[in-house]
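Peer 1: Take a look at the letters that make up each chain.
There are 2 protein chains.
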Amino acid sequence: MSFLATLNKAWTTTNSMLCVGLDPDLDRLPDGIRRDNNGIEDFCRAIIESTADTACAFKPQIAHFAARGAEVQLERICKLIRESHPNTTLILDAKRGDIGSTAEYYAQEAFDRYGAHAVTVNPYMGTDSIEPFLKRGAAIVLCRTSNLGGSELQNKLIDGVPVYQHIARTAAESWSMMGEVGLVVGATFPGELAEVRAIAPSLPLLVPGVGAQGGDIEATVRAGRDSNGRGMMINSSRAIIYASNGKDFASQARGAALATRDAINAVS
Amino acid sequence: MSFLATLNKAWTTTNSMLCVGLDPDLDRLPDGIRRDNNGIEDFCRAIIESTADTACAFKPQIAHFAARGAEVQLERICKLIRESHPNTTLILDAKRGDIGSTAEYYAQEAFDRYGAHAVTVNPYMGTDSIEPFLKRGAAIVLCRTSNLGGSELQNKLIDGVPVYQHIARTAAESWSMMGEVGLVVGATFPGELAEVRAIAPSLPLLVPGVGAQGGDIEATVRAGRDSNGRGMMINSSRAIIYASNGKDFASQARGAALATRDAINAVS
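So the protein lines, in turn, are chains A and B. Okay, so the first sequence: first residue is 1 according to our numbering, each after it adds one. Okay, so the second sequence: first residue is 1001 according to our numbering, each after it adds one.
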């Protein structure tokens, strides 16, 4: 089943546009979890089991694993998501980007090794750095990122149009013909999110920046939803996975996930 | 010792601006090498030992290892370069790019886990995605890449100036104040390489695209060298590491590396 079909099923089944970001930080693991790679796996497993029915997607961020040599643990976490939670999607947040043959190796890493439905990719190197991903799975392309420095290049004007809008248009009109494509657009700029939605009415948007990064849920949903009232994977990482640093961390994570899902669904 | 000091020593000691790219492809391993992760390690070790005195840098491309779960082998290859060949530099080709805290994990991966002197990074997300690398080691920023699609965004004009020249200027004037920075500029466009060199007279340039990709060595050296006649890491991967697919692959790789080094040095 394709990413978009799975995502559509997930939106319906879970009644949620929440994406739970798995960014495990050794220094923030809760009480009772060992501070090593297996502890990271135990922590993520508990978060996944407690929140899977509240989220349309899980998004492990690969650097948090790669920095510590925890690839095997990441493989097992991804396998858990794919095998035990078929009503949600798996997005590998890796922001890859390289030329054709190397991009194929990155695609193999994301889709074969980790079993991701979709992987985040960087558009700086152009179409031939993105197409190899689209042949194997879905690519969610960085468009307008939520960090401060994001505006340095992304908001510069080319022929009177900001770079991020050029990327959105290329994704909607060209890359979407090659395979399944989405866009990363931060929640910190709802006006720009609305512009991207206007340019790409039917592309799924991965939206980081709510929760710990402070984006406003109501403005985000109004700006980013599609004509069906769906179309978004609204990511929250730290506000959910570190909702508590005590032994109740998993149930507190579930509470935070449900509250975020409900806040998203409450937007009229 | 800093990356730039090590690179200066390498240019002098090896009398070479050649960078040997380690892009191991299971299907292209020579006769007598096992087609598995340990075979990849054996292959890279033999290439390193036979070419280390001909090259100012080695550049392992991480996707070729990550696609197969060969991180442990990559760790050992990097350790070999750092410990046995102190007159060369180690560049991890990973093209990373993410926001601050995640970039710190990527920096940890590149500099602590793999012991790289420098890592390639992507500028799309701006300064706060690059600064965490500069605090820990050197960052070589994608500027003008050698692939066809590279021109789609990189050659677009912002205020009359191509994107890649904005990146070169920002690197030379701003990022270089934060730490050690270099630029990736493909050999396939010598005119643009010369423009980058004019904008960034003292930054080291990592130049892929000679060898299998067909860039012209003479035009590349004339366009990219600095006022000392150095300043470049001219990468060749496949033309060197796959110079032979027989049991003589290591000696043939050495021959190809020496020929490339000599062709670089012969440019008047």
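Worth flagging that the hints you see were computed from the coordinates, not collected in a lab. Here a beta-carbon is modelled for each residue, glycine too, at the ideal position from N, C-alpha and C. Treat the hints with care, since some could be wrong.
[Said to hold, decoys possible] Below 25 Å or equal to it, Euclidean Cα-Cα: the simulated DMTMM-like pairs (lysine to aspartate or glutamate) are:
hint	chain 1	residue 1	chain 2	residue 2
1	B	K1156	A	E195
2	B	K1156	A	D36
3	B	K1135	A	D42
4	A	K156	B	D1128
5	A	K247	A	D36
6	B	K1009	B	D1027
7	B	K1156	A	D128
8	A	K9	A	E71
9	B	K1135	B	E1075
10	B	K1079	B	D1053
11	A	K156	B	D1053
12	B	K1135	B	D1159
13	B	K1156	A	D27
14	B	K1009	B	D1036
15	B	K1135	A	D25
16	B	K1079	B	E1049
[Said to hold, decoys possible] If you anchor each label on the Cβ, the simulated ranges turn out as follows:
hint	chain 1	residue 1	chain 2	residue 2	range
17	B	D1226	A	G160	21 to 27 Å
18	B	D1159	A	D248	37 to 43 Å
19	A	A5	B	R1035	48 to 54 Å
[To be verified] Derived coverage of chain A by chain B (criterion: at least 3 residues anywhere in the stretch with Cβ under 8 Å from a Cβ of chain B; other residues may be distant):
hint	stretch
20	120-128
21	135-147
Peer 1: Evaluate each hint against the coordinates.
Peer 2: Cross-check of the supplied hints:
A distance of roughly 21 Å separates the Cα atoms of K1156 (chain B) and E195 (chain A); the hinted pair therefore holds under the 25 Å criterion. Simply put, K1156 (chain B) and D36 (chain A) have alpha-carbon atoms about 46 Å apart, too far for the 25 Å limit, and the pair is violated. Only pairs whose Cα atoms come within 25 Å are accepted, and K1135 (chain B) paired with D42 (chain A) is rejected, the gap being roughly 32 Å. At most 25 Å may separate the alpha-carbon atoms for a hinted pair to count; K156 (chain A) and D1128 (chain B) meet this at roughly 17 Å.
The straight-line distance between the Cα atoms of K247 (chain A) and D36 (chain A) is roughly 17 Å, inside the 25 Å bound, and the hint therefore holds. As the CA atoms of K1009 (chain B) and D1027 (chain B) are separated by approximately 36 Å, the hinted pair breaks the 25 Å bound. The hinted pair formed by K1156 (chain B) and D128 (chain A) meets the criterion: a straight-line CA distance of about 17 Å does not exceed 25 Å. Restraint check: the Cα-Cα separation between K9 (chain A) and E71 (chain A) comes to about 29 Å, which exceeds 25 Å; the hinted pair is violated.
Restraint check for K1135 (chain B) and E1075 (chain B): satisfied, since their Cα atoms lie roughly 22 Å apart, inside the 25 Å limit. Between the alpha carbons of K1079 (chain B) and D1053 (chain B) the distance comes to roughly 17 Å, so the proposed pair stays at or under 25 Å and holds. With a C-alpha separation of about 44 Å, the suggested pairing of K156 (chain A) with D1053 (chain B) is violated against the 25 Å cut-off. A hinted pair counts as satisfied when its Cα atoms are at most 25 Å apart, and K1135 (chain B) with D1159 (chain B) does not qualify at roughly 31 Å.
Annotation: proposed proximity of K1156 (chain B) to D27 (chain A) is violated, straight-line Cα distance about 43 Å (limit 25 Å). Straight-line distance between C-alpha atoms of K1009 (chain B) and D1036 (chain B) comes to about 35 Å, which puts the hinted pair past the 25 Å bound. Straight-line distance between C-alpha atoms of K1135 (chain B) and D25 (chain A) comes to about 20 Å, which keeps the hinted pair within the 25 Å bound. A hinted pair counts as satisfied when its Cα atoms are at most 25 Å apart, and K1079 (chain B) with E1049 (chain B) qualifies at roughly 13 Å.
For the pair D1226 (chain B) and G160 (chain A), the supplied restraint of 21 to 27 Å is violated, since their beta-carbon distance comes to about 37 Å. Under the hint 37 to 43 Å, the C-beta atoms of D1159 (chain B) and D248 (chain A), about 54 Å apart, miss the expected range. Between A5 (chain A) and R1035 (chain B) the beta carbons are some 36 Å apart, a value that contradicts the proposed interval 48 to 54 Å. As drawn, the stretch 120-128 of chain A meets chain B at 7 residues by the rule of a beta-carbon pair under 8 Å; at three or more, the given contact holds.
Given a C-beta distance limit of less than 8 Å, the hint that chain B covers the stretch 135-147 of chain A holds, as 4 residues qualify and 3 suffice.
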